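**Student:** So you can see what is in the structure, the chains are spelled out below.
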Amino acid sequence: MKKSIVENVFWVMSNVLVIAYAVIPMLWIVSLSLKRGSDLNDQQFFPQTISFEHYRNIFSDMQFASAILNSIGIASIAALFSVLLGMLAAYAIVRLEFPGRRLMLIGILMTAMFPPVAIIGPLFDIWRITGLYDTWLGLILPYMTFTLPLAIWILAAFFREIPWDLEKAARIDGATTVQSFIRIMVPLAAPSVFTTAILVFIFAWNDFLFAISLTSTDNARTVPAAIAFFTGSSRFELPIGSIAAASVVVTVPVMIIVLFFQQRIIAGLTSGAIKG
Amino acid sequence: MPRRNEQPKQRQRRHNEWYQAWLLCAPAVLVLILITAYPILYAIWLSFFQYDLRFPDQRTFIGLDNYISILTSEVWWQAFGNTFILTVSSVTLELMVAFPLALIMYHTVLWRYAVRTATLLPYAITTIIAAFAWKFAFDPTTGFINALSGMEQAWLTQSWSSFLVIILTEIWKTTPFMALMLLAGLTLVPHELIQAARADGANAWQRFMKITLPLAKPAILVAVLFRMLDAFRIFDTVFILTRGAQGTETVSMVGYNTLIVSLNLGLGSAVSVLIFISMLIISALFIWGFNIKTGVDQK
Numbered sequence: 022m023k024k025s026i027v028e029n030v031f032w033v034m035s036n037v038l039v040i041a042y043a044v045i046p047m048l049w050i051v052s053l054s055l056k057r058g059s060d061l062n063d064q065q066f067f068p069q070t071i072s073f074e075h076y077r078n079i080f081s082d083m084q085f086a087s088a089i090l091n092s093i094g095i096a097s098i099a100a101l102f103s104v105l106l107g108m109l110a111a112y113a114i115v116r117l118e119f120p121g122r123r124l125m126l127i128g129i130l131m132t133a134m135f136p137p138v139a140i141i142g143p144l145f146d147i148w149r150i151t152g153l154y155d156t157w158l159g160l161i162l163p164y165m166t167f168t169l170p171l172a173i174w175i176l177a178a179f180f181r182e183i184p185w186d187l188e189k190a191a192r193i194d195g196a197t198t199v200q201s202f203i204r205i206m207v208p209l210a211a212p213s214v215f216t217t218a219i220l221v222f223i224f225a226w227n228d229f230l231f232a233i234s235l236t237s238t239d240n241a242r243t244v245p246a247a248i249a250f251f252t253g254s255s256r257f258e259l260p261i262g263s264i265a266a267a268s269v270v271v272t273v274p275v276m277i278i279v280l281f282f283q284q285r286i287i288a289g290l291t292s293g294a295i296k297g
Numbered sequence: 233m234p235r236r237n238e239q240p241k242q243r244q245r246r247h248n249e250w251y252q253a254w255l256l257c258a259p260a261v262l263v264l265i266l267i268t269a270y271p272i273l274y275a276i277w278l279s280f281f282q283y284d285l286r287f288p289d290q291r292t293f294i295g296l297d298n299y300i301s302i303l304t305s306e307v308w309w310q311a312f313g314n315t316f317i318l319t320v321s322s323v324t325l326e327l328m329v330a331f332p333l334a335l336i337m338y339h340t341v342l343w344r345y346a347v348r349t350a351t352l353l354p355y356a357i358t359t360i361i362a363a364f365a366w367k368f369a370f371d372p373t374t375g376f377i378n379a380l381s382g383m384e385q386a387w388l389t390q391s392w393s394s395f396l397v398i399i400l401t402e403i404w405k406t407t408p409f410m411a412l413m414l415l416a417g418l419t420l421v422p423h424e425l426i427q428a429a430r431a432d433g434a435n436a437w438q439r440f441m442k443i444t445l446p447l448a449k450p451a452i453l454v455a456v457l458f459r460m461l462d463a464f465r466i467f468d469t470v471f472i473l474t475r476g477a478q479g480t481e482t483v484s485m486v487g488y489n490t491l492i493v494s495l496n497l498g499l500g501s502a503v504s505v506l507i508f509i510s511m512l513i514i515s516a517l518f519i520w521g522f523n524i525k526t527g528v529d530q531k
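Sequence lines, in order, name chains E and Z. Per this note's numbering, the first sequence starts with residue 22, numbered consecutively. Per this note's numbering, the second sequence starts with residue 233, numbered consecutively.
Honestly, the hints are just simulated from the structure, not real lab data. Any given hint could be a false lead.
Ranges between beta-carbon positions, derived for each pair [said to hold, decoys possible]:
(1) E:D194 with Z:L262: 34 to 40 Å
(2) Z:L273 with E:E182: 44 to 50 Å
(3) E:A211 with Z:L447: 30 to 36 Å
(4) E:T238 with Z:L447: 30 to 36 Å
(5) Z:L512 with E:R123: 37 to 43 Å
(6) E:I193 with Z:V329: 36 to 42 Å
(7) Z:H423 with E:A211: 40 to 46 Å
(8) E:L101 with Z:H423: 39 to 45 Å
(9) E:W185 with Z:A428: 33 to 39 Å
(10) Z:R246 with E:A211: 28 to 34 Å
Here the structure is a predicted model, which means the values were calculated and not measured. Ideal Cβ placement from N, Cα and C applies to all residues, glycine included.
Work the whole structure out from these sequences, hints included.
**Tutor:** Written out as structure tokens, the structure is:
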């Protein structure tokens with residue numbers, strides 16, 4: 022079937038519209054970050070002269086560097102632990118029949134929908150007493166309240182699609198349990214585990230409420246919290262250039278992840294929702 | 233679950249499986265109890281006390297007084313109304329934007345990869361960064377919106393326009409999630425069914441209304457529920473755009489301000505509990521109203 026020209030034009034235009042929708046606000050931040058300090062208020066969408074002064078500024082600021090380090094460390098560790106614990110639980114949920122399975126799934130779903138503001142108060146109080154306030158662990162633990170249920174949910178959805186019977190076949194062919202696990206199961210499950218890790222990492226990376234409630238210094242302050250509290254030349258003036266440059270710096274890794282793993286991320290997000 | 237005609241050996245195996253499963257779930261369950269269940273119980277407990285961290289030694293039991301003072305305060309009800317307006321309007325509008333978006337993603341053959349990747353970007357970007365982008369765009373001295381539209385509007389200094397910017401930001405950021413969920417629902421609709429309807433002479437609109445929509449409905453409802461609960465806890469966007477000024481405070485902001493800014497843990501915990509209860513009511517009403525099967529039984 023050959024498509025008519027009208028139809029093609031329609032698709033091209035809709036696609037352009039969708040891409041423009043997604044990209045324009047991001048281009049705007051990039052363009053702000055590249056404007057000269059004196060051009061910031063020229064109300065133009067594109068910079069008239071390109072300058073990297075804002076990038077130089079934020080990278081000469083030790084606070085931003087430590088915020089990046091905190092963000093990477095905290096989000097990675099939270100993602101790692103969530104996926105490790107989530108893998109075990111998801112395997113049990115998908116592969117084994119046991120009393121309490123349904124209760125567990127409901128509990129997980131409820132935790133995932135939980136308002137974070139409901140636990141920042143108690144955590145603030147407990148962290149204050151135990152010394153976890155403003156530490157990496159003090160953020161990693163609360164991040165697991167939403168990364169762990171998410172990890173279990175997505176992994177369970179992925180694990181349902183895996184042809185587990187292959188394991189049995191391998192055993193019949195004479196493979197030991199360990200062999201069949203390493204040769205068959207790990208390669209089958211690895212992509213799912215990796216995708217899940219990426220997704221929960223992005224979630225932890227983007228958190229704002231816990232980060233501003235449970236940290237106060239460079240010690241554990243993550244990038245979103247640091248950017249929101251950037252200080253300008255005066256109290257009432259936002260350091261627009263620095264905020265824009267910092268935003269671009271922390272968005273680039275996320276964008277690269279999305280570009281590379283687009284298909285798997287979509288699969289991970291949607292399979293969890295449908296099966297649920 | 234006793235089963236008849238079960239050999240002792242089989243039962244042994246079944247119990248072994250239970251034991252294995254519980255062992256595998258134990259670490260995750262323990263962590264969740266420790267970091268979610270325990271804090272929420274602690275919050276409920278604290279909500280019955282007068283407990284101000286500026287005077288941590290003067291903790292006294294006051295029963296329901298915290299709840300009474302919140303439920304009779306104008307701040308709470310205004311924040312509740314704001315949150316309600318933001319939730320309903322952003323979810324409704326984004327559903328309207330997400331449908332065409334999902335259909336485009338589903339049907340487009342050209343640049344499929346580019347379209348899908350672009351759609352994911354707003355979803356993956358940090359919320360506060362999205363909020364800053366829109367804040368600067370609407371800013372009367374920095375932004376391009378006024379210059380482009382020829383308006384001279386100080387958007388974030390008035391209530392109605394602040395709401396407009398907040399809702400726009402929310403829609404921009406979260407429509408892709410909704411569209412992806414709808415897309416997933418669309419892929420559930422068997423191709424043969426659409427072809428058969430086409431052969432029977434149904435036009436595109438009829439095919440959409442009579443086949444696609446009913447079949448994709450469960451996925452759509454789940455997506456809407458997810459988004460409603462997500463929108464109800466809105467915090468980041470409002471914090472960056474207005475900090476609650478111009479009467480845009482949301483319930484999560486009231487909670488944050490009471491707990492972390494004023495350090496009033498007793499009162500703040502009561503706010504948190506009320507937010508939690510509101511979300512439970514929303515879910516219950518929604519599930520009951522649309523008769524959704526959560527499908528957690530599905531294996």
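**Student:** Hint compliance check: list the failing hint numbers for this structure, sorted ascending.
**Tutor:** Result: hints 2, 4, 5, 6 and 7 break, sorted rising.
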